[in-house]
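Chains as they are written, first to last, in the numbering used here: chain A, 1457 to 1803; chain B, 68 to 330.
Honestly, I wouldn't trust all of these hints.
What the hints assert, rightly or not - Per the computed footprint, the stretches of chain B lying under chain A, defined by three or more beta-carbons under 8 Å from a beta-carbon of chain A, are:
no., stretch
1, 132-145
2, 205-214
What the hints assert, rightly or not - Listed below are several chain B residues computed to face chain A (Cβ distance under 7 Å; list not exhaustive):
no., residue
3, PRO155
4, GLY159
5, LEU286
6, VAL293
7, GLN306
8, VAL316
These are calculated hints, taken from the structure and not from any lab test.
Beta carbons: idealized from backbone N, C-alpha and C, even for Gly.
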Amino acid sequence: MANTASGDKGNPVKKTKIFVLAEVREEYIHPVSFELLHWGRKLLWNSPGEVVALVLGATLRSTLEELIAYGGDRVEFFTHPNLSVFDAQTHAQVLLPFLREEKPDIILAAATVRGRALMPYLAAQLQTGLTADCTDLALEVKTGLLLQKRPAIGGNVLATIKTPHHRPQMSTIRPRLQKPLPRDERRTGAITIHRLESCPVPRVKRLCLEKKETSTLLEDQELIIAGGRGLKHPKNFALLFEIAHLLHGAVGASRVAVDMGWVSYPHQVGLSGKTVSPKIYLAVGISGTVQHLSGVMNAETIIAINKDPQAPIFRVADFGAIGDALEILPHLYRKLKARNDHAVQES
Amino acid sequence: MKVGVLVKQVPGSDRVKIDRKTGKMHREEMEAVPNPKDLYAIEAALRIKETLPGVEAVAISMGPLRAREVLEEAIAMGCDRGVLVSDPALSGSDTWVTAYVLARLVQKYESFTLLLAGERSTDGETGQVGPELAALLDIPVVTSVSAIAEITPTTLTVKRELEEGIETISITLPAVIAVTKAVAEPRLPTLGGKKRARASSIPVFTLKDLGLQKEGVGLLGSPTRVTQVFYPTFLRQTQMVDEKDPERVAEWLIRLLETKGIL
């Protein structure tokens, strides 16, 4: 039976070995990998240890040195033609012997489609725990154990989860909660390329890929104007789209607005939707449930408009106005439109 | 060909009582429903059953005895039968233990050509049991499946929604796949189905049946522990504008956007 304690029980003077699974998409190292390196560095802080990036792929168009420049101490690249397409089973088969030999204390990956498939596959075979979709990580001072915070029960509460006796401690982390560290070319580290002589043949084969347009992603916007229950009707969302257009921003929504069918799911912001980090988040008629707020806390500036002075959104906003969104939005639209038409005439 | 569907009973609302010490949910006292995302997996299984001759669709769940309700629902929708793993010692199991117990059930009593799961449960929200089960059975897993294009007794062609686009892939069976809401709209249970569900006997497997010890499962056997549950606070210093007139508020907003460099 599997549940025997293994490894060290988190002695704080010991070196902490943190592995991060770099995310490779279509032969490029995706920037979410640099966020993971930052998480790793943050955990180590000034205690002894190392942050190691693991990369798998057939060919790579990014340079592995990037992973050092963004905070890695060491890079291990596993390459074989069979690794060209993401398959959790094959990737796990390649990584397992290495992980069993290296015995990392912690493995981190992004909570993306790839990370959320590969990490449980690895965790099950390593007979250890895995915490999904973490929003914060820390090392417990007394024990050196990984404290994994994640929302629970529809996002109404946060839970701290530990893996006290099994190793490694594994977490997938929500993307975009942490910016990458500034790129530092002076950083040095070892890069090892493992050219695999044999590699299992994946039982999953790609027939084709239809690429998505990426420029419209809500996560990439500088300004998001989001509406909630207070908007009351789909037609008011149409107005929100007009305003967003004039501000060169995008439209977000609370879960209620999406559940009511006023706006489509890709606009949903919050735990059950997207985590966003715009320069300005303008929340209109959104009361601010924990589940919604968890998705917007990385916004640089939050502006809230709500009828109810007691709405929780005002506790997290940088700027607030008490008022009915349905009365304010038409004025806002008219004024922005006038400005815009004026600017067009001038030019 | 046997197709299994993993289903879970979850709380009907977000207002769930949790034990602050153990992080365990009080599942006994609340309204319980089938995990809404599992209905899509059931639908996908039923469509496979309608496409290929000789397919048996079996719903599988682990939970308290009342979790037989979700299996009855699956049968009412059109599954052939249901199997429940239930034992008081399983209470508090994390995803690793759940997958471990289900793997034992599959290895000992049932063997599937295809296992289907929903994207994630609405209570635990991990989506980990499917991939963990695949790992323990040493078969491939494909998650985020938005369409099943073709199935033969030995292969499956599906669409997988990745962040950068939609991939069409073929999988050599046996395999585990986790489907999204896009896969197919779940049908409602039929009257005949409900009758059949009421008449069907749902076998219950205990730890003893599976040859497992209670020390290895439940809260005790789980690698992960919930050590704290708390209500998050995200406080910022808020500057409220003292303005009631809607037009003035709109003007204030525009000035604010100007100072922030948006306009």
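Verification of the supplied hints:
no.: 1; hint: 132-145; result: violated (count 0)
no.: 2; hint: 205-214; result: holds (count 7)
no.: 3; hint: PRO155; result: violated, 19 Å
no.: 4; hint: GLY159; result: violated, 13 Å
no.: 5; hint: LEU286; result: violated, 12 Å
no.: 6; hint: VAL293; result: holds, 5 Å
no.: 7; hint: GLN306; result: holds, 5 Å
no.: 8; hint: VAL316; result: holds, 5 Å
In summary, the structure is inconsistent with hints 1, 3, 4 and 5 from the numbered list given earlier, while agreeing with the others.
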